[in-house]
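Visitor: Spelled out, the chains give:
2 protein chains.
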Amino acid sequence: MGKIFAERTPVDEAIRQISRSEISRVGKESVEIFQACGRILAEDVIAKWDVPHFDRSAMDGYAVRAEDTFGASPTNPVILRLVGEVDIGEKPCCIERGKAVRVSTGSALPEGANAVVMLEYAKEIEGSVEIYRSVTPWENVSKRGEDVRMGEVVLRKGEILQPQDVGVLASLGYSEVEVIRRPKVAVIATGNELIEVGMNPEVGRVVNSNSPMLCCAIREMGCEPVYMGIVEDEFGKLRDAVSKALSTDAVIVTGGTSVGKRDLVPEVVEEMGEIIFHGVSMKPGMPTGFGVIEGKPVLLLPGFPVACILAFYTFFPEILAKLTGVRVVAKRGEKVRARLSRRIPSQPGVRTFARVVVRNGIASPVRTSGSGILTSMVKANGIVVVPEEKEGFEEGELVEVTLIRDLVEVL
Amino acid sequence: MGKIFAERTPVDEAIRQISRSEISRVGKESVEIFQACGRILAEDVIAKWDVPHFDRSAMDGYAVRAEDTFGASPTNPVILRLVGEVDIGEKPCCIERGKAVRVSTGSALPEGANAVVMLEYAKEIEGSVEIYRSVTPWENVSKRGEDVRMGEVVLRKGEILQPQDVGVLASLGYSEVEVIRRPKVAVIATGNELIEVGMNPEVGRVVNSNSPMLCCAIREMGCEPVYMGIVEDEFGKLRDAVSKALSTDAVIVTGGTSVGKRDLVPEVVEEMGEIIFHGVSMKPGMPTGFGVIEGKPVLLLPGFPVACILAFYTFFPEILAKLTGVRVVAKRGEKVRARLSRRIPSQPGVRTFARVVVRNGIASPVRTSGSGILTSMVKANGIVVVPEEKEGFEEGELVEVTLIRDLVEVL
Numbered sequence: 000m001g002k003i004f005a006e007r008t009p010v011d012e013a014i015r016q017i018s019r020s021e022i023s024r025v026g027k028e029s030v031e032i033f034q035a036c037g038r039i040l041a042e043d044v045i046a047k048w049d050v051p052h053f054d055r056s057a058m059d060g061y062a063v064r065a066e067d068t069f070g071a072s073p074t075n076p077v078i079l080r081l082v083g084e085v086d087i088g089e090k091p092c093c094i095e096r097g098k099a100v101r102v103s104t105g106s107a108l109p110e111g112a113n114a115v116v117m118l119e120y121a122k123e124i125e126g127s128v129e130i131y132r133s134v135t136p137w138e139n140v141s142k143r144g145e146d147v148r149m150g151e152v153v154l155r156k157g158e159i160l161q162p163q164d165v166g167v168l169a170s171l172g173y174s175e176v177e178v179i180r181r182p183k184v185a186v187i188a189t190g191n192e193l194i195e196v197g198m199n200p201e202v203g204r205v206v207n208s209n210s211p212m213l214c215c216a217i218r219e220m221g222c223e224p225v226y227m228g229i230v231e232d233e234f235g236k237l238r239d240a241v242s243k244a245l246s247t248d249a250v251i252v253t254g255g256t257s258v259g260k261r262d263l264v265p266e267v268v269e270e271m272g273e274i275i276f277h278g279v280s281m282k283p284g285m286p287t288g289f290g291v292i293e294g295k296p297v298l299l300l301p302g303f304p305v306a307c308i309l310a311f312y313t314f315f316p317e318i319l320a321k322l323t324g325v326r327v328v329a330k331r332g333e334k335v336r337a338r339l340s341r342r343i344p345s346q347p348g349v350r351t352f353a354r355v356v357v358r359n360g361i362a363s364p365v366r367t368s369g370s371g372i373l374t375s376m377v378k379a380n381g382i383v384v385v386p387e388e389k390e391g392f393e394e395g396e397l398v399e400v401t402l403i404r405d406l407v408e409v410l
Numbered sequence: 000m001g002k003i004f005a006e007r008t009p010v011d012e013a014i015r016q017i018s019r020s021e022i023s024r025v026g027k028e029s030v031e032i033f034q035a036c037g038r039i040l041a042e043d044v045i046a047k048w049d050v051p052h053f054d055r056s057a058m059d060g061y062a063v064r065a066e067d068t069f070g071a072s073p074t075n076p077v078i079l080r081l082v083g084e085v086d087i088g089e090k091p092c093c094i095e096r097g098k099a100v101r102v103s104t105g106s107a108l109p110e111g112a113n114a115v116v117m118l119e120y121a122k123e124i125e126g127s128v129e130i131y132r133s134v135t136p137w138e139n140v141s142k143r144g145e146d147v148r149m150g151e152v153v154l155r156k157g158e159i160l161q162p163q164d165v166g167v168l169a170s171l172g173y174s175e176v177e178v179i180r181r182p183k184v185a186v187i188a189t190g191n192e193l194i195e196v197g198m199n200p201e202v203g204r205v206v207n208s209n210s211p212m213l214c215c216a217i218r219e220m221g222c223e224p225v226y227m228g229i230v231e232d233e234f235g236k237l238r239d240a241v242s243k244a245l246s247t248d249a250v251i252v253t254g255g256t257s258v259g260k261r262d263l264v265p266e267v268v269e270e271m272g273e274i275i276f277h278g279v280s281m282k283p284g285m286p287t288g289f290g291v292i293e294g295k296p297v298l299l300l301p302g303f304p305v306a307c308i309l310a311f312y313t314f315f316p317e318i319l320a321k322l323t324g325v326r327v328v329a330k331r332g333e334k335v336r337a338r339l340s341r342r343i344p345s346q347p348g349v350r351t352f353a354r355v356v357v358r359n360g361i362a363s364p365v366r367t368s369g370s371g372i373l374t375s376m377v378k379a380n381g382i383v384v385v386p387e388e389k390e391g392f393e394e395g396e397l398v399e400v401t402l403i404r405d406l407v408e409v410l
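Protein chains in written order, with numbering that gives the first Met the number 0: chain A, 0 to 410; chain B, 0 to 410.
Read the hints as simulated data drawn from the structure, not as lab findings.
Cβ coordinates follow ideal geometry from the N, Cα and C atoms, glycine included.
DEER-style ranges, computed between Cβ atoms:
id: 1; chain 1: B; residue 1: 330; chain 2: A; residue 2: 293; range: 33 to 41 Å
id: 2; chain 1: A; residue 1: 127; chain 2: B; residue 2: 330; range: 56 to 64 Å
id: 3; chain 1: B; residue 1: 410; chain 2: A; residue 2: 348; range: 25 to 33 Å
Just chain A, same shape as in the assembly (with noise of 0.2 Å):
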């Protein structure tokens, strides 16, 4: 063993090992959409209606049939019928030539209607409605699938669920998704002077604090720790351990992993399967290792505490990725510069909140008329606020962007 630590291998090699070596997939499960956020979209999810699944106002005001209105304007106003109100949520009915309907944000546009006249430019007069002002055909509606098509991809395998994407799986039909299931993944620790946690240590003894540090972290990552307990510096001993451990996605053994008489996990991973790196040159956490056995990942950490957690850190992410195929390149949350693509405006004395699509250094923001809700809120990558003071970033100009979705490589 002294020999393989002769050459410690730099932290990067020791990734890229990871990433090049053969490890099992975890399969997929259905879970509620609910529960869904955080988890890792198995499969594209298709809008299974049109978005907006109807005609519908994009404004308060009158439906009208736009040829009806044209010519119109404050001094010859055209003068509708007004037929009744389609209000929010009722199922509209129908016009025709010469009529009206009273509308509001969000209501469906009666059959026969193909605009709205926004309420500024009309007025009600004894069950008719003066219209001041002409419109052209699908003015200030929303057409049905003007933001999505039926069967068209609005959310790519790969994906990490956010709110807004369960807000957006919702809307488009669904209460339960396909997610990458979390993959189980064992915690072993060895050492003699171990004893379990909520126990009072005798003199030589230690609390095995690694394991719950370790299944926290786990956790926290989005996968389900399962706690395998302390097992004695025994070769026989470590080897049904692990055996055991194989039944889970992948293994973490802390402590045993240095070049001593007792650090006997090396040989028992090279007994089982292979030793793909051990010893990385890296500080605390050299005694680091990793292997494979029957395509499972086996991590193995330092059993000193400080150098477990660090070396974690470090090279699980990485078998995380290949466990579900997806790799976190950056974090909700986190913010990048990035230069504009085009003007942000913003009213002084507001603070603006603009969805951009950040990508490669460049921020595009994204169309936010109301037609576009749905689409742009899972285009969009990121946030610039416009502080109160300002009146808008201009084309160019570097921003701060915060990102609002984690961004995924699909391996």
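Since the structure of chain A is already known, use the hints to place chain B on it.
Guide: Below, chain B without anything else, positioned relative to chain A:
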């Protein structure tokens, strides 16, 4: 209501108004440490015993009486009788004058011994050991209580438990810990156009997508969402729903917060308690409102989904701070820049992870010797990574610090 909207509250002032409002704190509960990560400590954690709780060898070598080694040198070695070995985890015997015992790093020191001679300065010869270098009393020994004294406060009330804290809790004999209960947050959706998740909408209706979105966001923030369903835009029904929701710790209503005839939620809250603000200078999100009923915070979010989620992330963190008594000022994983209070050395070719305490723009490296393991884990709040090509960072150098714990402000 139009009057209220005429005076829109600036975002920062609205947050201040939340922070000044009278909101009931949630209580505490006991959780197993394996499940404690991310939870807020409800009480100071004190050490149940000294750490280390026995005099411990800090090196592989020979436990001796320091006095016996005085004057030893390579040319004039001291010869001690080797009377045994203390393995890691074993209860040690004792030694007398002129004797030595083989020990490993982490072994308990035999009674009578007060120092450890490192392996490289000694040689075993036929039942004896030649010592080539003198040691001073307690050299290469981590003394009992050197890191932490029994009864000392190790983690303070209000800290958010990180994986490393869980390790420390285990080391100190805790298997459970008192934490702030997860706040229960009720989610009510209002709007006559809404139908439940999973149903197929008729013309005019849309799926209630804000509720699953908010429930996910609430859960991600460490709270327990309680979905209360869809309520019609009707004063009495809204009042009944809010009243029922007051059995939780906080209430969120989405929709019905604007100034139209169906926007009844602000009036309902005003009747049952007090509206603190309604109408905020933000875009989107302007119709956001906030009130308090019987000490329970009530957040009124716009029905427009983008505005809904943005306003949630803008105002809910301060509500959560009021409920728990702890305001998060920075999250683990965030990067900050700071000046080093002293040099961090590193070997070329090795990636060094140095623990630091960062405060007011100054990063102070913490003691990383074996004896300070436990305290260094809870005192450090950041890591500075020295890359392979550098021989360290100099005192006064500006470095990037990655936070390894959430930074909090206890209210």
